[in-house]
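K.L.:
Spelled out, the chains give:
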Amino acid sequence: MMGLVLDGGIALLTIGIAAWTIRAGDDFAAVVGFVAYGLVLTLAWTRLGAYDVALTEAAIGGGATGVILMRAGARVKPAPAARASRRARIIVGALSAAVAAGLSAIVLLPPQPAPSLALEVREHLASTGLGNPIGGVLMAYRAADTFLETVVVLLALFGVWSLGRDAHWGGRPGPALRPAEGGALPLFARVLVPAGIVIGIYIVWVGADAPGGKFQGATLLAAMAILAGMAGLVQAPATAGRRLRWLLAAGPIVFVGIGLAGIPLAGAFLAYPPGFEKPLILVIEVALTVSLAAMLALIVAGPTERAP
Amino acid sequence: MSVLLGLFSTVAIIAGIVFFVAGTVGLLRFPDALTRLHALTKADNLGLGLIVLGLLPYAGSVGAALKLVVIWALVQFAGATVAQMIGALAVREHPTSAGRQRR
Amino acid sequence: MADALTLAAIAVLAAVALGLVRVLRGPSRLDRMMAVQLLGSGGVAVLALLAVANGTEAILDVALTLALLAAFASVALARALGEIRKDGGETGR
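Protein chains in written order, with the numbering used here: chain A, 1 to 308; chain B, 309 to 411; chain C, 412 to 504.
If we strip away everything but chain A, and leave its shape as in the complex, we get (with noise of 0.2 Å):
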């Protein structure tokens, strides 16, 4: 009973939030309404008993989107609002109506018996050495998929790296910082990176057998780095360097290097040798881990503004 009461506030907020969010005037506000949003589907999520997802909510939907959105939305020129035709809009609402009833169909009429891995990977789960069923189905069932999500996070990066003028390609991101303002900034920064870093690697090392992980974790690490620039303490790296270009590349590489040699060992691509599992996937997980936050901080610095 109590529980359905908190529910039914959760989804009445949720779906309050985005209508406002959706028809919100200005950049700002918009930006706000969407951090809210995150929020309340942290909690949603947390209901659900999704912790995985709520954790990732938490960390990637309200945070770290809500900053992206708000230096995009500072980079592009405020222009008066252009109404879309009346046409357009029908169109528009038709299809975004397609898609709910799609998505309500799903949900009312699921397929019998649903398609699940969870019983699969419970049996063989021990195998892996991991105790978190979803980290199992992401590093050993779905290690393909793991992949390309970090490679589609790079690829992002090159894109955000693209907008910069070519007379910037390979300089610094975003505008020169301000001397430091003094006030509370710095001193936030000072105390609050450690703490943040150090829980940011409990979330990755955590993952192995309770909801968390590398995705997760490096927004933690992304999000401290981001928090230091503002607050002046560290520069955004020149973009071209050497070391930078290897520790982004370092999470994919490993991950392709260790899922080749699966193939001459254990007879497959990403199949781990029997008895290695555990300490290959912890390699994996740390070199994504390390790659995964500086791409995702270098996004929030967005594109290079400064010469090399």
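By construction, these hints were calculated from the structure, which means they are not laboratory data.
Possibly wrong hints are sitting among the right ones.
With a straight-line cut-off of 20 Å between C-alpha atoms, the simulated SDA-like cross-links for lysine to any residue are [as the list claims (entries may be wrong)]: (1) B:Lys350 - C:Ala422; (2) A:Lys278 - A:Asp145; (3) B:Lys350 - C:Val432; (4) B:Lys350 - B:Gly368; (5) B:Lys350 - C:Asp414; (6) A:Lys278 - A:Leu244; (7) B:Lys350 - C:Ala425; (8) A:Lys278 - A:Gly267; (9) B:Lys350 - B:Ser369; (10) A:Lys278 - A:Ala208; (11) A:Lys278 - A:Ile201; (12) A:Lys278 - A:Phe147; (13) A:Lys278 - A:Gly259; (14) B:Lys350 - A:Gly257; (15) B:Lys350 - B:Phe338.
According to the in silico footprint, chain C covers these stretches of chain A (three or more CB under 8 Å from chain C) [stated by the list, open to error]: (16) 17 to 29; (17) 59 to 69.
Predicted model, so just to flag it, every value in this text is computed and none were measured.
Every residue gets a Cβ at the ideal spot worked out from N, C-alpha and C, and that includes glycine.
On the provided structure of chain A, position chains B and C as indicated by the hints.
P.N.:
Using the frame of chain A, we list chains B and C on its own:
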């Protein structure tokens, strides 16, 4: 002992809720940005702080209790910093009266 | 016990949800930010209550992540607001 602990938790959590409600009321009713900020920081610090205090006896493990305290410390610290930044912005906007305008 | 804590979570959620009216009304961007800040603290409190109510420690990790990232987002928004003001005043709304 456990009755006392239960009583303590109940009182602390209810007090925490009261501070959240008070923060909301202040945010809605106070006339300008700086006074609203005052209401907000009370909810941030005391509301969450008292709820965490009330939950501590039932955390189940030392690790969980430690996490609760860390969570509170994080929110507290961030709240103080953001309040500082918002306050500076509000003062810059209305340097003389610090934003004394009615809606 | 679990029911009482869930009730407390409902109360906190209801309180901060009401505070969101301030996001709707504004009038200034500072007010909107404050309402979201309140929602963030309230959300963390709700998660903490649920973690103990369900006896699920994983929810505490969610709360920890939310606390950290909400702090980050608030600071970033406040910073962005400062830049907007400096670069040429806000446009109202």
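K.L.:
Indicate, hint by hint, whether the structure satisfies it.
P.N.:
Verification of the supplied hints:
no.: 1; hint: B:Lys350 - C:Ala422; verdict: holds (17 Å)
no.: 2; hint: A:Lys278 - A:Asp145; verdict: holds (19 Å)
no.: 3; hint: B:Lys350 - C:Val432; verdict: holds (19 Å)
no.: 4; hint: B:Lys350 - B:Gly368; verdict: violated (28 Å)
no.: 5; hint: B:Lys350 - C:Asp414; verdict: violated (27 Å)
no.: 6; hint: A:Lys278 - A:Leu244; verdict: violated (28 Å)
no.: 7; hint: B:Lys350 - C:Ala425; verdict: holds (17 Å)
no.: 8; hint: A:Lys278 - A:Gly267; verdict: holds (18 Å)
no.: 9; hint: B:Lys350 - B:Ser369; verdict: violated (28 Å)
no.: 10; hint: A:Lys278 - A:Ala208; verdict: holds (9 Å)
no.: 11; hint: A:Lys278 - A:Ile201; verdict: holds (18 Å)
no.: 12; hint: A:Lys278 - A:Phe147; verdict: holds (17 Å)
no.: 13; hint: A:Lys278 - A:Gly259; verdict: holds (14 Å)
no.: 14; hint: B:Lys350 - A:Gly257; verdict: violated (53 Å)
no.: 15; hint: B:Lys350 - B:Phe338; verdict: holds (14 Å)
no.: 16; hint: 17 to 29; verdict: holds (count 6)
no.: 17; hint: 59 to 69; verdict: holds (count 6)
Of the numbered hints listed earlier, those contradicted by the structure are 4, 5, 6, 9 and 14.
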